[in-house]
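Visitor: What follows is the residue order along each chain.
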Amino acid sequence: MVSARIVAKRETCIGAGQCVFADPDAFDQDDNGLVVVLQADPTSPDALARAKEAVNVCPSRSITLLA
Amino acid sequence: MTVNAIQTRRVDPYSPPTEHLELQRDEPVAFLDWREGRKAWAITKHADVRTMLSDVRFSSDRSNPDHPAHGGYVPGAHKGAIIAIDPPEHSAIRSRVMNEFTVKKISLMRPRIEEIVAEALDAMLDGKSEAELVEELSLPVPAMAIAELLGVPYEDHDFFQHNTSLFSDAHIDPKQRGEAIAKLRDYISELVNARVKERGNDIISRQLDAGADAEEAVGLGFLLLIAGHETTANMISLSIMTLLDRPDLLQQLREDPSLIPGAVEELLRYFTIAEVGGLRLATADVEIGGKQIYAGDAVFGLANTANRDPDVFPDPHTIDFKRGARNHMAFGFGPHQCLGQNLARLELVIVLEQVIRRIPTLRLLDPLSAISFKEYGPNYGINELRVAW
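If you read the sequences in order, they're chains A and B.
Taken in order, the first sequence gives residues 1 to 67; the numbers are from our numbering.
Taken in order, the second sequence gives residues 68 to 456; the numbers are from our numbering.
Isolated chain B (complex conformation) (with noise of 0.2 Å):
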């Protein structure tokens, strides 16, 4: 079989597309159709993806027209988007950020995240026996671990929830959606006013002192949504999907919850719901795996199919939890790899600890045929997920 066409869709929740994985087997750097004439770059293979993504003559400026990512994806992108920009600016700025996001910081902020996924589990089991999932748990949890770094007052955490709610749901109607982006970017912009003028205990009077301006401040923080909101919330549903469709992987984790880190590492790896984040623009002619790319060309760094290639992850398709393997790219890879990481591991570690110690009887009440996944998001995830207990 030819493949002509990049095809980011998955039919599989369980798989990357078909194609990809085929173009990984017999073309893994392949030059093919993708939108309005225009051709574009498919790289499969995890040390093609990785040489890639590390090179920085493969570029990030979504700002370029040219870009893959140009448009879209990134609401009302801003100065501080670091996700968006090349170096010098870019290392400028993550190295203002960085140090936020250390794996002893995050560590320190495990005794909130507790409270948080608590909270959230008491509001959806209180006096029901059923919910929906990525409204009552998947959503609230990164929401309010976002809060928690912007320093959103308690007041706020209603009206931040409920927006941050409405700006990752891709089901409601587009003007809703905006005006809840046009809400969450003024009060972000109203929280870096109120720390200029008086700082807290929080990110964005860090970064104002260390000499980020206002407009770089709310980038920062818009961006620390659109990063660590909806994407998070989608591991929270899927990992929970496959526990609950898996009787045998859950019944692992029950027996010796020590494994829960070594399975939200390989539920990463399986899923890698960044349908987008591996697009660069190359601006020199770069040979990749022995293909010649051109400078203009776009390139597609399909880290989903890479978390698949046999040649680093034997037995690829099925999930162990005890593969130890951390050098997957659910996060990215090069300069550019997610600055949450570690936030994002572990909100999904306390998920999981938490439903699995609390919720002994959860179950899906749909078949996985039946369920709405988001097939079509520059992320991966669920829509709706029904349960009971």
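This is chain A alone, in the form it adopts within the complex (with noise of 0.2 Å):
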């Protein structure tokens, strides 16, 4: 059971895009550049690896994960 949610804080985000790479079913860029999360929950383990991986790589430390 995975249980997490991931929280994306957009006034800190510079658009690097990073998280898209990491996972691009659960984030995307709006027309400003900016994160907007499509999936807050993910629902598999990959799925949690690939959240946790957005989370290392974002270089404004944007994207945190709630337990």
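FYI, nobody ran anything at the bench for these hints, they're computed from the structure.
Every value quoted in this text rests on a predicted model; they were computed, and no experiment measured them.
A portion of the hints provided could be inaccurate.
What the hints assert, rightly or not - Okay, the calculated beta carbon distance ranges per label pair:
no., chain 1, residue 1, chain 2, residue 2, range
1, A, Asp46, B, Arg102, 47 to 57 Å
2, A, Pro45, B, Asp122, 42 to 52 Å
3, A, Thr64, B, Arg92, 30 to 40 Å
We treat Cβ as the ideally placed atom computed from N, Cα and C, and that holds for glycine.
Given two chains presented individually in distinct reference frames, assemble the corresponding complex, making use of the accompanying hints.
Guide: As structure tokens, then:
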């Protein structure tokens, strides 16, 4: 059972798009380049691993994973 | 061995300075001699460099005379040069321009970048059996990619390509280089003035629409050149050198071209060419890695060494195209992380795709020991790379 929630802080996002590379199913960028969370609840261990990767590669540390 | 001074010169193209690797092992946050009696902090562990670059108390404001990158390096630093300013001004300008470089927008540039690379290769291969690759491929490709972003009209492409090459050539005499820089600045100013009168479908027009003034648009245009031209060219040269020097690696990509994006990522990590991208000025007393850094201290985040941190990258000195590590700092980290990184990746991927497909017999004409590397520049790279096919 995977239980975690992806939270992205748009105020600090710099639009590098690294989260989109990490998990295109969970993240996108809006017309301003800012992060948009498409799928906030990772539903599988794979999705959870990709969410952790997004947290790791985000250069502005704008993504957190709440347990 | 005790390391006394910051040593940014690389003697082995495949390695950060040995002294920095020793620092990482023995003293990851070290206060060392730097220049003119001034000392500076060298930070070499991946986690510490990321912490430092994420903390806005470490300033990027290069107009401050105490900043370690003050003067030089950014010829004609300008209002729109977000590389050299701090929040909130930085955030305001960056947020206006970052939608130009989203993953989606850059991926739409693929057909045009493919065309640019194909044209450069056509010219390089035309009736010849050898070439100097930096001049014929590494420099023209990013020049034309930036021309595309800026909306440089077709009839000006030769001018733009010629002068950007002179601008990025550390070998030519400073007067000639200075003239090329002046010509490009004038040219970008003219381009901006023309867009002020009549908008086109390009980044400058959209920046003006979003509220940038002309001075800021010129600064941004020039920054795209400084940040995106020579850097990408260096990575093109170093990547091709590596593949030709290491036939085993080349063979992997020939057999499975789907490995190319991962190979580009690994080559970015391995070479981490921006020597001074991680320079900051401490504006407050901050503790990093157990050491007390004081306001006014110069700080070097040595990303090329941090990208060989064995705590983050197992077997860090091995080139592994299947490593799958995107948490490297070849493009820096924190709010200043490279704006054009996704375009740089795309250019590198397409260059490798086409070079591998089109020139199966490509080889180096000189041994690595005879190749002239950019050992002293703000970016590591290759001055000349002679190849044959």
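Visitor: What hints, given by number in increasing order, does this structure fail?
Guide: 2
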